[in-house]
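Trainee: I would like the entire structure built from these sequences, with the hints used as guidance.
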Amino acid sequence: MNLLKIKNLSVEIEGKKILDSLDLDIKQGEIHALLGPNASGKSTLAKVIMGLSEYKVKAGSILFLNKEVKGLVPERRSKMGIALVFQNPPAIEGIKLSKLLEKISINEVREKEKYSHLLERDVNVNLSGGEKKISELIQVLSLNPKLLILDEIDSGLDMNKREEVVEILKREAKEKKMAIIIITHQGEILKRFNPDKVSVMINGKIACQSNDYKKIIETIKKNDYAKCKHCKKL
Amino acid sequence: MPSANIAKNCKHDFLQIDNEIKEIAKNDKMVILPSSEAWKSLPWTKEYFNGKPKGGYFIWIKEQVDFPLSTCVNIASPNVKQDLQNLMVIEKGIKAKAGVICSSLKNNLSGTHKARGKLILKENASLEYNHVHRWGHNDNVSPDYEFILGKNSSLKYNYSNLFPPKNLDIKNKIICGEKSSVNLNISVNGIDSLIKIKEEVFLEGKDAQAVSRLKLVGRKRSDITAESSIIAKVKSKGHIDCQSLMVDDESKISSIPLLVCESKEAQITHEASIGKVSEEQLNYLRSRGLSEKEAIDLIVSGFLSV
Chain P
1 MNLLKIKNLS VEIEGKKILD SLDLDIKQGE IHALLGPNAS GKSTLAKVIM GLSEYKVKAG
61 SILFLNKEVK GLVPERRSKM GIALVFQNPP AIEGIKLSKL LEKISINEVR EKEKYSHLLE
121 RDVNVNLSGG EKKISELIQV LSLNPKLLIL DEIDSGLDMN KREEVVEILK REAKEKKMAI
181 IIITHQGEIL KRFNPDKVSV MINGKIACQS NDYKKIIETI KKNDYAKCKH CKKL
Chain B
1 MPSANIAKNC KHDFLQIDNE IKEIAKNDKM VILPSSEAWK SLPWTKEYFN GKPKGGYFIW
61 IKEQVDFPLS TCVNIASPNV KQDLQNLMVI EKGIKAKAGV ICSSLKNNLS GTHKARGKLI
121 LKENASLEYN HVHRWGHNDN VSPDYEFILG KNSSLKYNYS NLFPPKNLDI KNKIICGEKS
181 SVNLNISVNG IDSLIKIKEE VFLEGKDAQA VSRLKLVGRK RSDITAESSI IAKVKSKGHI
241 DCQSLMVDDE SKISSIPLLV CESKEAQITH EASIGKVSEE QLNYLRSRGL SEKEAIDLIV
301 SGFLSV
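Protein chains in written order, with our numbering: chain P, 1 to 234; chain B, 1 to 306.
Keep in mind that a hint or two might mislead.
Derived DSSO-like pairs (lysine-lysine); straight-line CA-CA distance at most 30 angstroms [said to hold, decoys possible]:
(1) B:K276 - P:K79
(2) P:K170 - P:K214
(3) B:K220 - P:K79
(4) P:K56 - B:K220
(5) P:K67 - B:K293
(6) B:K293 - P:K58
(7) P:K103 - B:K276
(8) P:K96 - B:K173
(9) P:K96 - B:K156
(10) B:K235 - P:K96
(11) B:K235 - B:K173
(12) P:K96 - B:K276
(13) B:K293 - P:K70
(14) P:K103 - B:K220
(15) P:K170 - P:K197
(16) P:K103 - B:K106
(17) B:K276 - P:K16
(18) B:K293 - P:K103
(19) P:K99 - B:K11
(20) P:K70 - B:K276
Hints in this document: simulated from the structure, not taken from any laboratory.
Please read all numbers here as calculations on a predicted model, not as lab measurements.
Mentor: This is the structure in structure tokens:
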């Protein structure tokens, strides 16, 4: 059974089409990489799955656990098991991470102890890029999601931290059969994740898909995204 | 009601419930009396009281104390009217900290809390004064405080009101002597409230300094008018920062910073802003499973606590 089934999804912002008749299926426990050039619609897709309000869904459906979530508010989707790690999470002054976790946590996260110094910092205020990603990770894992969307999780992380983050995520995915969508424009992090499937997004559509992420990365390295525009399956 | 257990659970140096004094601590280093008794037994206090006090407390810190002072005045019964005159005197060179709570123990008591206060900081004294108000929806509250800062003294005054009454009328007057400094932080969460705030800082002594920060939130038909002024009479420095957050379209906030300069060597500045709750923050918190209301409450509490 598909955990997430997106069918014929079209999305606009201020009259401009960002996602165009997009189809995407994600299975339970699947690690799925979503590649694509800048402005191809990857982050928009993440926010639309999460239900963030600035996007207007013009057509199509988003089924999560066989239920239509298109009209649901983000908190409802969160409670159903969808979580998003933001690429640029907003700073929230005056609210400590520990206080936020008290309010949202369903699940105890092992990494809280190791990063206890972050718990007494205001959410995303004056944190380094790496600290923000760890803070995001602690938050979303405390929600015990069934589907975790990582929007450019590798940006701002040094190599050691990147490895640690990937190991945590792989562990959680395995233990809890959590599906992960990894949005990236670099292939580097995929070597660590070894995804089950890769989709390439171009101009708001899935241009090609493969189970062989190495082949896709190789092709993109050689031809940029030019070849992806013309194929459905490599 | 969030403050319901304040009176029961805490030990206070002064505790009053409705119009009855429940506790007064005894200590060699300070004098704590009902204001009416201070008026009778310490004639010098008469110059600071505005006529014979009916209620309230007198606190005179004569020697250094190593614990924070704590006072609590509550309304626990319906339709109570409190009329307090509080006087606090901090002697020369004493460094003190005070936690002051005024609250209603229930939401629907329709009480009246009128408090006139005077705080005297003598030369080289310093005071951190943390003033917390928590009221019910139908209360009427009017604190009117005057702070007199002696030479080289310093005051940090933090006022927080997250649970506002129906009507709130705050007046603060601060008179700063030579080289004294004052740091005022006032946070008020307007929820279906009529709120008037008038804050005046007089920089009267040479090289006095004042920073006044006001944070206001307008929600659910609140009408808030906040006038914050610094009057520099001599060479001195001052800054006013008024920040307000509008949560809905039914409320109104008027934020009025005023600078009056009577010396060419004084430097006084102000900044003021009124904004709305950030959609980005709201979306972020909702994606973490909080409802819209829970997310707004959290953003507001963060805004007021900074």
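Trainee: K96 of chain P and K173 of chain B: Cα distance at most 30 angstroms?
Mentor: Status violated; Cα separation ~33 angstroms.
Trainee: Keeping to a limit of 30 angstroms between CA atoms, is the pair of K276 of chain B and K79 of chain P held or broken?
Mentor: holds, 27 angstroms
Trainee: For a C-alpha distance cap of 30 angstroms, please report whether K220 of chain B and K79 of chain P respect it.
Mentor: holds, 28 angstroms
Trainee: Holds or violated: K103 of chain P with K106 of chain B, Cα cutoff 30 angstroms?
Mentor: holds, 25 angstroms
Trainee: Check whether the Cα positions of K293 of chain B and K103 of chain P lie no farther apart than 30 angstroms.
Mentor: With Cα atoms ~13 angstroms apart, K293 of chain B and K103 of chain P stay inside 30 angstroms; holds.
Trainee: Does K276 of chain B lie within 30 angstroms of K103 of chain P when you go C-alpha to C-alpha?
Mentor: The given pair, whose Cα atoms are some 23 angstroms apart, holds under the 30 angstroms limit.
Trainee: Compare the distance between the alpha carbons of K170 of chain P and K214 of chain P with 30 angstroms, and conclude whether the hinted pair is satisfied.
Mentor: Roughly 18 angstroms separates the two Cα atoms, so the pair holds.
Trainee: Would the hint linking K235 of chain B and K96 of chain P be met if the CA-CA limit is 30 angstroms?
Mentor: violated, 40 angstroms
Trainee: Keeping to a limit of 30 angstroms between CA atoms, is the pair of K96 of chain P and K276 of chain B held or broken?
Mentor: Status holds; Cα separation ~21 angstroms.
Trainee: Given the proposed pairing of K99 of chain P with K11 of chain B, does the C-alpha separation stay at or below 30 angstroms?
Mentor: holds, 27 angstroms
Trainee: Does K70 of chain P pair with K276 of chain B here, judged by a C-alpha cut-off of 30 angstroms?
Mentor: Status holds; Cα separation ~27 angstroms.
Trainee: K56 of chain P and K220 of chain B were given as a pair; does the straight-line alpha-carbon distance stay at or below 30 angstroms?
Mentor: holds, 29 angstroms
Of the numbered hints listed earlier, those contradicted by the structure are 8 and 10.
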